[in-house]
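Engineer: Model the full structure from these sequences, guided by the hints.
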Amino acid sequence: QMSKSPSARSGSKKRSSQECMEVDDDEKSREKSLLAPPSVKKAKVELMSGGEEDAQDNDSVKTATNDFGSDDEDDKDSVNKDKDEFASGDDKDVKVAAKEVVEEIVLSDVEEDPAVTAKKRKKADQARRAFTKMWINEEPYVNVERPCPSKTDREHFCWYDLTEEWSEQTRRLPIPVDNVDWTFNYGNNDFAKLPFAETGRSTRGGTSTRPRDRLIAEAMLSFSNGVRSLEHLEAGIGTWWKPFKAKSLAKLFAGQSEEVCQSYLDTISAIAALALRAKHLVTKPLPLLMFDGHVKSVTMSQEQAAVLLAYAFFCTVLPRPGDDWNHFSFHLFHTRDEQVMVEKMKFMLYYFKTVIEEMPRGTITFSRQTWDSLKDEEAGYDTWADPLSEMLVMSEGLIEEMEGCLQVDFANCYIGGGVMNHGAVQEEIRFLCCPEMLVSLFLFDRMDVNEAILIQGAQQFSAYLGYANSLKHKPMGLNRNEPRDIYGRARSYLIAIDAYCFQNRQSQYQMKFITREIKKAYTGFQLVGDHAAVRPIATGNWGCGVFNGDKELKSLIQLIAASKAGRPMIYITFKDEKFAQELEEMHDVLTSHKVTNGKLFDLLTQYKDSRKPGQQVFDFAKKALVDGF
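What the sequence shown shows, in full-length UniProt numbering, is residues 1 to 629, in sequence order.
One or more hints might be untrue.
[Stated by the list, open to error] No farther apart than 27 Å at their CA atoms in a straight line, the calculated lysine-lysine pairs in the DSS-like style are these: (1) LYS474 - LYS346; (2) LYS512 - LYS622; (3) LYS296 - LYS519; (4) LYS151 - LYS133; (5) LYS123 - LYS474; (6) LYS594 - LYS519; (7) LYS578 - LYS608; (8) LYS474 - LYS612; (9) LYS594 - LYS375; (10) LYS608 - LYS519; (11) LYS519 - LYS375; (12) LYS622 - LYS594; (13) LYS122 - LYS578; (14) LYS120 - LYS578; (15) LYS296 - LYS375; (16) LYS251 - LYS346; (17) LYS119 - LYS472; (18) LYS472 - LYS575.
If you are wondering where the hints come from, they were derived from the structure by calculation, not from laboratory data.
The model shown is predicted, which means the values in this text are computed figures rather than measured ones.
Structural biologist: Take a look at the structure:
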């Protein structure tokens, strides 16, 4: 299904139409049901009634509800101040980009001997180090990836004080130290609607019609003093979010000892205390990184990112109207009890527990990259004359293990894909392992065809086992010796590029779609600014699987873009040794014939009409070169 054009905004440009995976009708209906704000009376009845068989639980709900103020304390005239703010289910759907895609990574179901696996991984790591040695200097204070925080760059916003140089011993302080406007430009669409902003606006999405900021502040204070039970949590969040049930936490608690359950509740209390730090860490509005925005990059401290995630955990961030935004709320983590949602909750609780025990002092940069491709398209990509990049093909290893490389996120055009929903594949898993990346869902609207998103400095806190519905959380902890650049950013570089989803697999061989994919890949791979670091690209079967991409075609498309950018490429086939060998041989043939990226583009566009029946891309290319193409 084609993504709709963006919702109308003042001065907005017209986007290119492109394919994005959206939720199916049933998923939309469930989402609508979750978000539709019922009447206050109905919400109270649903929250307070549990049936005769649940009388004991019902009493605890009533007790928990007493922690939160009555509607009678405030002026009822404020109820209708900002009805549209909640995106009512009666009027509109809030679309979530759900991506249940078993596509780019294919994990073997056969258990391999651990010793054999370790030997293969060691060999792969040695190959990676040898290949990247000439491009990556191990010293962390060189080869800084741009863009960088700057006091003079109007396109780069920094949420903390840049006066002092970064050091691990120094906490990043907000600037200004004292803020005079606690609304944080709440009504300005160029800025994020921060959930702790003091707006006085009322809500009709839960059991109360009082101002949301007051409800949230009261709940955070109550939770920070100790979450006594899940009913206590439900009653608090339920005051601003439709009758709320902590189903995944209930399933997580089931069968656990009282001590383990209490440790989870203590962590949730600490998350609320973390949220309350906002007034000490945030003193100016946060600009959004939109399609038509003037600000292109935002840098914040890891502590500021943790505060935003804490508010998202408690479902305080409103869904945004229109079709251009992903959710930045954990409401589905809480309200669904499928095992994959329980596992996702484990990832987040572990992240919070880790940073609460020891908050990292680093920083993170989020950037929107664009490429003005008009000149190249008018001349034609076949006029490019760049030699093909060097390539290392590996059947072992994972993209996130390619230290120091520009690591490709097989993204949805809605950054994060289905991470806040049921999705649990390449992009979603990466964001769960590196939760600071989730802040991008708050900052970025949908990517256009000539846009990519770069996230620098997000640390990995967890590992994982399995994939999709078999996903399992694996604790990892905080790497205190993480190498950082001079701005405090960990040497983690994620570039998000969204592939086209082909309903008809054969259409991908048309020139317009080959051009589209090269444009998207180059937008992400390009070197930004003068003296940019020539960081190798770590990628794999981008846009294959249910996106119906042909991995032979996609590997060569990425090679064309990498060559245009002047970057070497590490291609990981995820245990597919046969394809690794075939790709390596294809690269050898191309380089031995001194094929340029422009000539390779020309060759690929000939494939659709000139191939023989059943002939694959690699075989066609080899035959064409032998015949003197």
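Engineer: Determine for every hint whether it applies to the structure shown.
Structural biologist: Results for each hint:
| no. | hint | result |
| --- | --- | --- |
| 1 | LYS474 - LYS346 | holds (9 Å) |
| 2 | LYS512 - LYS622 | holds (23 Å) |
| 3 | LYS296 - LYS519 | holds (19 Å) |
| 4 | LYS151 - LYS133 | violated (33 Å) |
| 5 | LYS123 - LYS474 | holds (24 Å) |
| 6 | LYS594 - LYS519 | holds (23 Å) |
| 7 | LYS578 - LYS608 | holds (24 Å) |
| 8 | LYS474 - LYS612 | violated (48 Å) |
| 9 | LYS594 - LYS375 | holds (25 Å) |
| 10 | LYS608 - LYS519 | holds (19 Å) |
| 11 | LYS519 - LYS375 | holds (12 Å) |
| 12 | LYS622 - LYS594 | holds (13 Å) |
| 13 | LYS122 - LYS578 | holds (20 Å) |
| 14 | LYS120 - LYS578 | holds (15 Å) |
| 15 | LYS296 - LYS375 | holds (22 Å) |
| 16 | LYS251 - LYS346 | holds (11 Å) |
| 17 | LYS119 - LYS472 | holds (24 Å) |
| 18 | LYS472 - LYS575 | holds (20 Å) |
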